[in-house]
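Peer 1: Please model the complete structure; the sequences and the hints are all you need to start from.
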Amino acid sequence: MPVDSFKFLPRLITAFYQSIAREPELPIPWTPVTRPQTETIFGLITSAGLYHAPSQPPFDLEREKAEPTWGDPGFRAIPTDTPLAEIAAAHLHINPTDLLTDINIQLPLTRFQELAEEGVIGGLAPTAYSFMGYQGFPPNAAAWQNEIGPQIAGLLKAEAVTAVLLTPA
Amino acid sequence: MPVLARTLEAHGLATVLVTNMPFWAEKIGVPRTLAVEFPFGHMLGQPGEAAMQRRVILQALDVLRTAEQPGTVVHSDEVWPVPAVEAMKAWQPGEPSPVIAVLGPQLREMLRGRR
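Those sequence lines, one after another, are chains X and F. One point on numbering: in my numbering, the residue at position 89 of the first sequence is 89, and numbering is uninterrupted. One point on numbering: in my numbering, the residue at position 63 of the second sequence is 1063, and numbering is uninterrupted.
Incorrect hints may have been included.
Unchecked claim - With a straight-line Cα cutoff of 25 Å, these simulated SDA-like cross-link-like pairs (lysine to any residue) come out:
1. F:Lys1027 / X:Pro24
2. X:Lys7 / F:Phe1023
3. X:Lys7 / F:Glu1049
4. X:Lys65 / F:Gly1104
5. X:Lys7 / F:Met1052
6. X:Lys7 / F:Val1003
7. F:Lys1089 / X:Gln18
8. X:Lys7 / F:Ala1101
9. F:Lys1027 / X:Gly136
10. X:Lys7 / F:Leu1107
11. X:Lys7 / F:Glu1037
12. X:Lys65 / F:Val1102
13. F:Lys1089 / X:Gln135
14. X:Lys65 / X:Ile13
15. X:Lys7 / F:Glu1109
16. F:Lys1027 / X:Ala141
17. F:Lys1027 / X:Tyr17
18. F:Lys1089 / F:His1075
19. X:Lys65 / F:Pro1096
20. X:Lys157 / X:Arg76
21. F:Lys1027 / X:Glu23
22. X:Lys7 / F:Met1088
23. X:Lys7 / F:Ile1028
24. X:Lys7 / F:Gly1104
25. F:Lys1089 / X:Tyr17
26. F:Lys1027 / X:Thr14
27. F:Lys1089 / X:Leu61
28. F:Lys1027 / X:Glu147
29. F:Lys1089 / X:Arg11
30. X:Lys7 / F:Ala1087
Said to hold, decoys possible - So the derived label-pair ranges between C-beta atoms look like this:
31. X:Leu84 / F:Arg1108: 36 to 42 Å
32. F:Gly1012 / X:Pro24: 18 to 24 Å
33. F:Arg1114 / X:Thr69: 17 to 23 Å
34. F:Ala1090 / X:Arg22: 26 to 32 Å
For the record, the hints were derived by calculation from the structure and aren't laboratory data. Yeah, the Cβ is synthetic: ideal placement off N, Cα and C, and Gly gets one too.
Peer 2: Shown next as structure tokens:
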């Protein structure tokens, strides 16, 4: 059975999304996978609004509250050996209770460490990246596309990453 | 995230996106997608359910390894074990996000006008 994108979405938002006409810009970019998985270093990126509470500020939710059509476009670099209890979430569009119980449901640090130890993958990069997924209304991903995306690509490559798992919230 | 996936891919990184909204993955044109029928904020499964999280991750790695062309969407058959009505309530914030609080009524009007 195909996944129903609207199963867990309130009816109002479903109706709004379904009213939007959009076609992908072609060609869709593509980097082939050439290296065996057992030799691949993986990068992890989520947009669950995670940050390292002892050393980083949360995403700017105060500005979003004052300016509801704006969303913080910044990111946080989180060392992948960070104890999960030190990771917090700043995101006004989801209930973070389950996430704070187990960060792995959005940023699978423990799972990828296990896969690396078992030799299923070549390794996990030393740094993971977190964004806060709400990018304003109407959504404006220009900063991600033109500045931050290329910057993150450079940071990942500097840690020998060739493949990335992305988990929007 | 769909835009970020495209950008990374354009800069020489292979990506796989795990999302509960293949609707957007298709509309924006994500290179490789694993679609999961899970509530928002839970893309890899339930908290504390390591085996479920691992199954989803291994499915995503399969998509990464086997997808042959850009725009591939694979639908996971993992089932969310909580009834939909309950799960829909559970993932949402205690109070509506600022944009929904402000624009919700306008959106309702706009959609009513289209009917």
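Peer 1: Evaluate each hint against the coordinates.
Peer 2: Evaluation of the provided hints:
1. Restraint check: the Cα-Cα separation between Lys1027 of chain F and Pro24 of chain X comes to about 5 Å, which is no more than 25 Å; the hinted pair holds.
2. For the suggested pair Lys7 of chain X and Phe1023 of chain F, the alpha carbons sit about 12 Å apart, so the restraint of at most 25 Å is met.
3. Simply put, Lys7 of chain X and Glu1049 of chain F have alpha-carbon atoms about 22 Å apart, close enough for the 25 Å limit, and the pair holds.
4. Between Lys65 of chain X and Gly1104 of chain F the alpha-carbon distance is near 15 Å, which keeps this suggested pair within the 25 Å criterion.
5. For the suggested pair Lys7 of chain X and Met1052 of chain F, the alpha carbons sit about 20 Å apart, so the restraint of at most 25 Å is met.
6. About 23 Å separates the Cα atoms of Lys7 of chain X and Val1003 of chain F, which keeps this hinted pair within 25 Å; it holds.
7. With a C-alpha separation of about 21 Å, the suggested pair Lys1089 of chain F and Gln18 of chain X falls inside the 25 Å cut-off, and the hint holds.
8. Distance restraint check for Lys7 of chain X and Ala1101 of chain F: the Cα-Cα separation of roughly 22 Å lies within the 25 Å cut-off, and the hinted pair is therefore satisfied.
9. A threshold of 25 Å between alpha carbons decides the hint, and for Lys1027 of chain F with Gly136 of chain X the separation of about 18 Å falls inside it, so the pair holds.
10. Only pairs whose Cα atoms come within 25 Å are accepted, and Lys7 of chain X paired with Leu1107 of chain F is accepted, the gap being roughly 20 Å.
11. For the given pair, Lys7 of chain X sits about 7 Å from Glu1037 of chain F by alpha-carbon distance, which is consistent with the 25 Å threshold.
12. With a C-alpha separation of about 10 Å, the suggested pair Lys65 of chain X and Val1102 of chain F falls inside the 25 Å cut-off, and the hint holds.
13. This hinted pair checks out: Lys1089 of chain F and Gln135 of chain X have alpha carbons roughly 23 Å apart, not beyond 25 Å.
14. Restraint check for Lys65 of chain X and Ile13 of chain X: the C-alpha separation of about 20 Å stays at or below 25 Å, so the hint holds.
15. In summary, the hint linking Lys7 of chain X to Glu1109 of chain F is supported, as the alpha carbons are separated by about 23 Å, within the 25 Å threshold.
16. Between the alpha carbons of Lys1027 of chain F and Ala141 of chain X the distance comes to roughly 15 Å, so the proposed pair stays at or under 25 Å and holds.
17. Only pairs whose Cα atoms come within 25 Å are accepted, and Lys1027 of chain F paired with Tyr17 of chain X is accepted, the gap being roughly 11 Å.
18. Pair hint Lys1089 of chain F plus His1075 of chain F holds up; C-alpha atoms about 24 Å apart against a cutoff of 25 Å.
19. Of the pairs offered as hints, the one joining Lys65 of chain X and Pro1096 of chain F holds, with about 11 Å between alpha carbons and a cut-off of 25 Å not exceeded.
20. Restraint check: the Cα-Cα separation between Lys157 of chain X and Arg76 of chain X comes to about 17 Å, which is no more than 25 Å; the hinted pair holds.
21. Pair hint Lys1027 of chain F plus Glu23 of chain X holds up; C-alpha atoms about 5 Å apart against a cutoff of 25 Å.
22. About 8 Å separates the Cα atoms of Lys7 of chain X and Met1088 of chain F, which keeps this hinted pair within 25 Å; it holds.
23. A hinted pair counts as satisfied when its Cα atoms are at most 25 Å apart, and Lys7 of chain X with Ile1028 of chain F qualifies at roughly 20 Å.
24. Between the alpha carbons of Lys7 of chain X and Gly1104 of chain F the distance comes to roughly 19 Å, so the proposed pair stays at or under 25 Å and holds.
25. Distance hint between Lys1089 of chain F and Tyr17 of chain X is fulfilled; the C-alpha atoms sit about 19 Å from each other, no more than 25 Å.
26. Our distance criterion of 25 Å between C-alpha atoms is met by Lys1027 of chain F and Thr14 of chain X, whose separation comes to about 15 Å.
27. Straight-line distance between C-alpha atoms of Lys1089 of chain F and Leu61 of chain X comes to about 22 Å, which keeps the hinted pair within the 25 Å bound.
28. In summary, the hint linking Lys1027 of chain F to Glu147 of chain X is supported, as the alpha carbons are separated by about 22 Å, within the 25 Å threshold.
29. Between Lys1089 of chain F and Arg11 of chain X the CA atoms are separated by roughly 13 Å; this keeps the pair inside 25 Å, and the hint holds.
30. Under the criterion of a C-alpha separation no larger than 25 Å, the hint pairing Lys7 of chain X with Ala1087 of chain F is consistent with the structure, at around 10 Å.
31. Between Leu84 of chain X and Arg1108 of chain F the C-beta distance comes to about 39 Å, which sits within the given range of 36 to 42 Å.
32. Checked against the hint of 18 to 24 Å, the pair Gly1012 of chain F and Pro24 of chain X passes, with Cβ atoms roughly 20 Å apart.
33. For the pair Arg1114 of chain F and Thr69 of chain X, the beta carbons lie near 21 Å from each other, so the given range of 17 to 23 Å is met.
34. Take Ala1090 of chain F and Arg22 of chain X: their Cβ atoms lie about 29 Å apart, and the range 26 to 32 Å holds.
Of the numbered hints stated above, none is contradicted by the structure.
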